[in-house]
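Asker: Mapping of the sequence shown onto mature numbering (1 follows the signal peptide of the UniProt record, and there is no 0): residues -20 to -1, 1 to 103, in sequence order.
Treat the hints as calculated values from the structure; they're not laboratory data. Among the clues, some could well be false.
What the hints assert, rightly or not - Pairs of lysine-lysine residues, derived as DSS-like cross-links and limited to a Cα-Cα distance of at most 25 Å, are as follows:
1. K38 x K17
2. K30 x K20
3. K17 x K30
Stated by the list, open to error - DEER-style ranges, computed between Cβ atoms:
4. D76 x D36: 25 to 33 Å
5. H73 x K23: 15 to 23 Å
6. K17 x L52: 25 to 33 Å
Note that the Cβ used here is the ideal one computed from N, Cα and C, for glycine as well.
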Amino acid sequence: MKQWRLVSCLFCLLFPKVLALSFFSCESQFSWSHCRKTSKTCKPEYKCGKVYINIDGKENIQNDCLPPEWCLKENHYDCRDHLPKNSTVCDIHCCDDDNDCNAGAVRQINGILLLTCVLLSVL
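Using the sequences and the hints given, assemble the complete structure.
Answerer: Following this line, the structure appears as structure tokens:
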């Protein structure tokens, strides 16, 4: 019986609630590999995203929090509308999960599950 309680508690603790996506934030003119130093978490309404911009042959890459309208496929959002006219390439990739965003997820243990685990262990 005690083994069942222990398994129940471990099960509850292994499934934390994901609060927000975390990612490596940066701006670089070199490569995505330079974006592995500063971790950042976006507000819930924003998405982690990667932006690639080429202005007059100079490449600029950026990982940052993006407004949700930038990520809507049906809007066919073109980031060149917000850049200098000499920008030739502008590509946006919004992250959908922690693997895509590369730094993991901000997790929180669900309080109800934790309370349930405690009650199960007492019974």
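Asker: Hints the structure violates: just list their numbers, smallest first.
Answerer: Of the numbered hints given earlier, the structure breaks none, since each of them holds.
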